Amino acid sequence: MRYGDFTPFDIVLLLQGLGVSLALFVSTTLIGLFIGTVWAVIRFYRVPVLMQLVTFVAELLKNSPVLVQLFLVFFGLPAFLKINVTPTEAAVITLSGNSAAFIYVIAVSAIESVGRDQIEAARVFGLTRWQILRRVIAPQATAFAIGPLTGLLVNQLQVTSLISVIGVMDLTKVGNILNLRTLKPFLVWTAVGLLYYLTAKLVTYAGARFEKRLRAHTAWKGL
Amino acid sequence: MISITGLRKSFGAATVLNGIDLEIRQGEVVSVLGSSGSGKSTLIRCINGLEKIDAGKITVDGFDVSKPRELSEARKRSGTVFQLFNLYPHMTAVQNVALAPIEVLKLPRMQAEAEARELLHSVGLTERADAYPSQLSGGQRQRVGICRALAMKPSYLLLDEVTSALDPEMTSEVLSILAALAKTGTTMVFVTHEIEFARSISSRIAFLDKGQLIADLPTEEFFSATGMALPRVAQFLSKMRKD
Amino acid sequence: MKFDLSILAKHIPFLLEGAWLTLQACTLAVLGSLVLGLAIGAMRTSASPLLNRLAAVYIDIFRNIPFIVQLFFFYFGLPEIGIYIDAFTTGVVALSIAGGAFTSDVIRSGILAIDPGVIEAAQVSGLRKITIFRKIILPIALRASVRPLGSVFINLILTSSILSTITLNELTGSAKIVASNTFRPFEVYFVLLVAYAALTYSVSILIGMLHRYLNRHQEEGAV
Ligand SMILES: Nc1ncnc2c1ncn2[C@@H]1O[C@H](COP(=O)(O)OP(=O)(O)OP(=O)(O)O)[C@@H](O)[C@H]1O
Ligand SMILES: [Mg+2]
Numbered sequence: 001m002r003y004g005d006f007t008p009f010d011i012v013l014l015l016q017g018l019g020v021s022l023a024l025f026v027s028t029t030l031i032g033l034f035i036g037t038v039w040a041v042i043r044f045y046r047v048p049v050l051m052q053l054v055t056f057v058a059e060l061l062k063n064s065p066v067l068v069q070l071f072l073v074f075f076g077l078p079a080f081l082k083i084n085v086t087p088t089e090a091a092v093i094t095l096s097g098n099s100a101a102f103i104y105v106i107a108v109s110a111i112e113s114v115g116r117d118q119i120e121a122a123r124v125f126g127l128t129r130w131q132i133l134r135r136v137i138a139p140q141a142t143a144f145a146i147g148p149l150t151g152l153l154v155n156q157l158q159v160t161s162l163i164s165v166i167g168v169m170d171l172t173k174v175g176n177i178l179n180l181r182t183l184k185p186f187l188v189w190t191a192v193g194l195l196y197y198l199t200a201k202l203v204t205y206a207g208a209r210f211e212k213r214l215r216a217h218t219a220w221k222g223l
Numbered sequence: 001m002i003s004i005t006g007l008r009k010s011f012g013a014a015t016v017l018n019g020i021d022l023e024i025r026q027g028e029v030v031s032v033l034g035s036s037g038s039g040k041s042t043l044i045r046c047i048n049g050l051e052k053i054d055a056g057k058i059t060v061d062g063f064d065v066s067k068p069r070e071l072s073e074a075r076k077r078s079g080t081v082f083q084l085f086n087l088y089p090h091m092t093a094v095q096n097v098a099l100a101p102i103e104v105l106k107l108p109r110m111q112a113e114a115e116a117r118e119l120l121h122s123v124g125l126t127e128r129a130d131a132y133p134s135q136l137s138g139g140q141r142q143r144v145g146i147c148r149a150l151a152m153k154p155s156y157l158l159l160d161e162v163t164s165a166l167d168p169e170m171t172s173e174v175l176s177i178l179a180a181l182a183k184t185g186t187t188m189v190f191v192t193h194e195i196e197f198a199r200s201i202s203s204r205i206a207f208l209d210k211g212q213l214i215a216d217l218p219t220e221e222f223f224s225a226t227g228m229a230l231p232r233v234a235q236f237l238s239k240m241r242k243d
Numbered sequence: 001m002k003f004d005l006s007i008l009a010k011h012i013p014f015l016l017e018g019a020w021l022t023l024q025a026c027t028l029a030v031l032g033s034l035v036l037g038l039a040i041g042a043m044r045t046s047a048s049p050l051l052n053r054l055a056a057v058y059i060d061i062f063r064n065i066p067f068i069v070q071l072f073f074f075y076f077g078l079p080e081i082g083i084y085i086d087a088f089t090t091g092v093v094a095l096s097i098a099g100g101a102f103t104s105d106v107i108r109s110g111i112l113a114i115d116p117g118v119i120e121a122a123q124v125s126g127l128r129k130i131t132i133f134r135k136i137i138l139p140i141a142l143r144a145s146v147r148p149l150g151s152v153f154i155n156l157i158l159t160s161s162i163l164s165t166i167t168l169n170e171l172t173g174s175a176k177i178v179a180s181n182t183f184r185p186f187e188v189y190f191v192l193l194v195a196y197a198a199l200t201y202s203v204s205i206l207i208g209m210l211h212r213y214l215n216r217h218q219e220e221g222a223v
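Protein chains in written order, with the UniProt record's numbering: chain A, 1 to 223; chain B, 1 to 243; chain C, 1 to 223.
Next comes chain A alone, as it looks inside the complex (with noise of 0.2 Å):
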């Protein structure tokens, strides 16, 4: 065996780039799940201030690449703060706040798809703003929001392969590496794009799937 041919090692390699990506997609998504659902319910409650702040960092993390966000993140911030962020933190400090920003959009129509007149008549009733958006908004704007999230996914499975180029060992790192060892670009770049689309799919099909059990749910309540 020549150095520099495939070796069935590879396999383990390219499959723990795999869990790499996908582990950083889960808890990124989590995160970024979490933190624009909490924007989201600043901007419900108008909090001023905040609301405006958050408004205005969700567009600008929108409009901006990813690439650069990252760059930002692994060397802009331990020059200027004069601390340390490894790769892997500075993957995870910027797919969780882009992932927060297009989240909070999502979330913020969802909401707003949950009719005025609605939220009127809970009022009426008495309850709390609170309990208006725990008990009539939540539900429903949850079903409103399966589909988006469902692209909104697997874009952001595609923008971790970003991480790459700040040295994480995701899938695409092990693609460059085994591209340079073995000098068989096609194969490898194939290889990792196959693995990459056959993810994305079992995303789109998980939402589909999540999307129809939720419907059919909401549905049965509603006889």
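Take the hints with a grain of salt, since some may be wrong.
To be verified - No farther apart than 20 Å at their CA atoms in a straight line, the calculated lysine to aspartate or glutamate pairs in the DMTMM-like style are these:
#1 Lys67(B) - Glu120(C)
#2 Lys153(B) - Glu113(B)
#3 Lys239(B) - Asp209(B)
#4 Lys210(B) - Glu220(B)
#5 Lys76(B) - Glu120(C)
#6 Lys106(B) - Glu73(B)
#7 Lys52(B) - Asp21(B)
#8 Lys201(A) - Asp105(C)
#9 Lys153(B) - Glu120(C)
#10 Lys183(B) - Asp167(B)
#11 Lys201(A) - Asp60(C)
#12 Lys135(C) - Asp130(B)
#13 Lys129(C) - Glu103(B)
#14 Lys129(C) - Glu51(B)
#15 Lys242(B) - Glu194(B)
#16 Lys183(B) - Glu196(B)
#17 Lys76(B) - Asp61(B)
#18 Lys76(B) - Asp64(B)
#19 Lys52(B) - Asp105(C)
#20 Lys2(C) - Glu17(C)
#21 Lys82(A) - Asp4(C)
#22 Lys129(C) - Glu70(B)
#23 Lys184(A) - Asp10(A)
#24 Lys135(C) - Glu120(C)
#25 Lys153(B) - Glu115(B)
#26 Lys129(C) - Glu73(B)
#27 Lys135(C) - Asp61(B)
#28 Lys184(A) - Asp5(A)
#29 Lys106(B) - Glu70(B)
#30 Lys153(B) - Glu73(B)
#31 Lys153(B) - Asp21(B)
#32 Lys153(B) - Glu103(B)
#33 Lys201(A) - Glu211(A)
#34 Lys57(B) - Glu23(B)
#35 Lys242(B) - Glu196(B)
#36 Lys135(C) - Glu103(B)
#37 Lys184(A) - Glu80(C)
#38 Lys129(C) - Asp115(C)
What the hints contain is simulated information worked out from the structure, not anything from laboratory work.
Owing to the predicted nature of the structure, the values given are computational and were not obtained by experimental measurement.
Given chain A's structure and the hints, the job is docking chains B and C with the ligands onto it.
Positioned in the frame of chain A, the structure of chains B and C with the ligands alone reads:
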């Protein structure tokens, strides 16, 4: 001559036209009557080739509409006016009318647009010739629709409930144009629910019932004892008069 | 450390050169994805099942694989099969292909939204298929698609920052150089982030104006 023989058409399991034989000669105005769902629109859509027919034959001046090669010749000879106008929303009235003459008849743009303006003038739209469909009233839109069909100088005009989307005032606006066309000898196949108007302009009435042509009579015979002798026709006419 | 932008002043001409390259790449890629998107979108709505299927596969592949993987596939792969093109051309080609997938989706929904009666009117007046496509379908679909196309193009601008990973010194690439020369990564990437946001924001304003201009006759009254 438009000649229809043994025409059958079904959508899935539902037979909509079940053996139609009909001839329309030059200079005739044939009104097609029948209750809702009897297949009138489908008949028109078969003649201009928008629906594929299942059996039988339709020819326009000898050109078979089910043969792709001959369909374009057949379509050149007939013009269609639609219930919902179907104007090209991104073109002005003049552009709507001049498009087919330019693209199909290969007329120079200047000539085609001049002729289009003349047509629009003849239906009282001189001022509105450069307006877009969204800037026109329903009646004005339908007049543009009629001009667009006439611009190809068709031998036959196919009209499917061209006034049913219009209020009474606009309806009379459009009907008076059609009456004038009928007088000048334009051949028309006219699907309508306006019984009295059909009676005043047509030379013949074709009556469809559940996909079958149960009457094909000269207008006065249709509205006389001969027509009334057919129970479905009598029923239809009395119901229409009541409405 | 202080936040000090003045040190960037003397690097502005260099950054502007990068911005100019970004602009060129994006303009070419917008044109490329428009052409590809029209072709694929037309195939996707055509009556031929084969063309339809092919277009669907194209869209599916390029929408579900991260752009950076596609880019590496072309950048490292093409020389392998004897095609030597520079980083700029590779970048524009890759952006156009990926952008084409998103564009075609927009074009497709634009075409499907056209009132079928309008197309039938064109058919019965004897226009040839190709004429109907050029004179009726395309102008109507494009007018309706200005806004969604705008979002696709804005994404293209943001994505173009990834071209810096294949040694192209467009805006992000030149910022990287300035950051390492000045040891001021925070300031550099912060300015870069704001610059991209400002750029995409102005593009979105232009798109809004274009939309209003092209649809000026459609606004009053529907049907
Ligand atoms: N594309 C289609 N697919 C399935 N069924 C159709 C289609 N077009 C028409 N039909 C059916 O064919 C029958 C005849 O329809 P058609 O439109 O020809 O009737 P019509 O006589 O024009 O009625 P109306 O007076 O209401 O316009 C109806 O039952 C209709 O539901
Ligand atoms: Mg009808």
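Against the structure, the hints come out as follows:
Restraint check: the Cα-Cα separation between Lys67(B) and Glu120(C) comes to about 18 Å, which is no more than 20 Å; the hinted pair holds. Distance restraint check for Lys153(B) and Glu113(B): the Cα-Cα separation of roughly 14 Å lies within the 20 Å cut-off, and the hinted pair is therefore satisfied. With a CA separation close to 14 Å, the supplied pair Lys239(B) and Asp209(B) stays within the 20 Å bound. A hinted pair counts as satisfied when its Cα atoms are at most 20 Å apart, and Lys210(B) with Glu220(B) does not qualify at roughly 23 Å.
Simply put, Lys76(B) and Glu120(C) have alpha-carbon atoms about 14 Å apart, close enough for the 20 Å limit, and the pair holds. Using a Cα cut-off of 20 Å, the hinted pair Lys106(B) and Glu73(B) holds, with the two alpha carbons roughly 14 Å apart. For a cut-off of 20 Å, the pair hint linking Lys52(B) to Asp21(B) stands: about 17 Å separates their Cα positions. A distance of roughly 18 Å separates the Cα atoms of Lys201(A) and Asp105(C); the hinted pair therefore holds under the 20 Å criterion.
Between Lys153(B) and Glu120(C), the direct Cα distance comes to roughly 19 Å. Compliance with the 20 Å bound is thereby established for this hinted pair. The suggested pairing of Lys183(B) with Asp167(B) is violated, with an alpha-carbon distance near 24 Å, which exceeds 20 Å. Between Lys201(A) and Asp60(C) the CA atoms are separated by roughly 10 Å; this keeps the pair inside 20 Å, and the hint holds. Taken as a hint, the Lys135(C) and Asp130(B) pair is honoured in the structure, with Cα atoms around 18 Å apart against an allowance of 20 Å.
Note on Lys129(C) and Glu103(B): the hinted pairing holds, with a Cα-Cα distance of about 11 Å set against a maximum of 20 Å. Between the alpha carbons of Lys129(C) and Glu51(B) the distance comes to roughly 16 Å, so the proposed pair stays at or under 20 Å and holds. Distance hint between Lys242(B) and Glu194(B) is fulfilled; the C-alpha atoms sit about 13 Å from each other, no more than 20 Å. For the hint linking Lys183(B) to Glu196(B), the alpha-carbon distance of about 17 Å falls within 20 Å, and the restraint holds.
A distance of roughly 11 Å separates the Cα atoms of Lys76(B) and Asp61(B); the hinted pair therefore holds under the 20 Å criterion. Pair hint Lys76(B) plus Asp64(B) holds up; C-alpha atoms about 13 Å apart against a cutoff of 20 Å. Of the supplied pair hints, the one linking Lys52(B) and Asp105(C) is violated, its CA atoms being roughly 30 Å apart against a limit of 20 Å. The hinted pair formed by Lys2(C) and Glu17(C) fails the criterion: a straight-line CA distance of about 27 Å is larger than 20 Å.
Taking the CA atoms of Lys82(A) and Asp4(C), the gap is near 15 Å; set against the 20 Å cutoff, the hint holds. At roughly 15 Å between alpha-carbon atoms, Lys129(C) and Glu70(B) fall within 20 Å of each other, so this suggested pair holds. Distance restraint check for Lys184(A) and Asp10(A): the Cα-Cα separation of roughly 13 Å lies within the 20 Å cut-off, and the hinted pair is therefore satisfied. As the CA atoms of Lys135(C) and Glu120(C) are separated by approximately 14 Å, the hinted pair is consistent with the 20 Å bound.
Using a Cα cut-off of 20 Å, the hinted pair Lys153(B) and Glu115(B) holds, with the two alpha carbons roughly 11 Å apart. Restraint check for Lys129(C) and Glu73(B): satisfied, since their Cα atoms lie roughly 15 Å apart, inside the 20 Å limit. Simply put, Lys135(C) and Asp61(B) have alpha-carbon atoms about 29 Å apart, too far for the 20 Å limit, and the pair is violated. With a C-alpha separation of about 9 Å, the suggested pairing of Lys184(A) with Asp5(A) holds against the 20 Å cut-off.
A hinted pair counts as satisfied when its Cα atoms are at most 20 Å apart, and Lys106(B) with Glu70(B) qualifies at roughly 19 Å. Taking the CA atoms of Lys153(B) and Glu73(B), the gap is about 13 Å. The hint holds against a cut of 20 Å. As the CA atoms of Lys153(B) and Asp21(B) are separated by approximately 26 Å, the hinted pair breaks the 20 Å bound. Of the supplied pair hints, the one linking Lys153(B) and Glu103(B) holds, its CA atoms being roughly 14 Å apart against a limit of 20 Å.
With a C-alpha separation of about 15 Å, the suggested pair Lys201(A) and Glu211(A) falls inside the 20 Å cut-off, and the hint holds. Restraint check for Lys57(B) and Glu23(B): the C-alpha separation of about 12 Å stays at or below 20 Å, so the hint holds. As the CA atoms of Lys242(B) and Glu196(B) are separated by approximately 13 Å, the hinted pair is consistent with the 20 Å bound. Distance check on the hinted pair: Lys135(C) and Glu103(B) sit about 10 Å apart at the alpha-carbon level, within 20 Å; holds.
A distance of roughly 8 Å separates the Cα atoms of Lys184(A) and Glu80(C); the hinted pair therefore holds under the 20 Å criterion. A threshold of 20 Å between alpha carbons decides the hint, and for Lys129(C) with Asp115(C) the separation of about 17 Å falls inside it, so the pair holds.
The structure fails to meet hints 4, 10, 19, 20, 27 and 31 from the earlier list, while all remaining hints are met.
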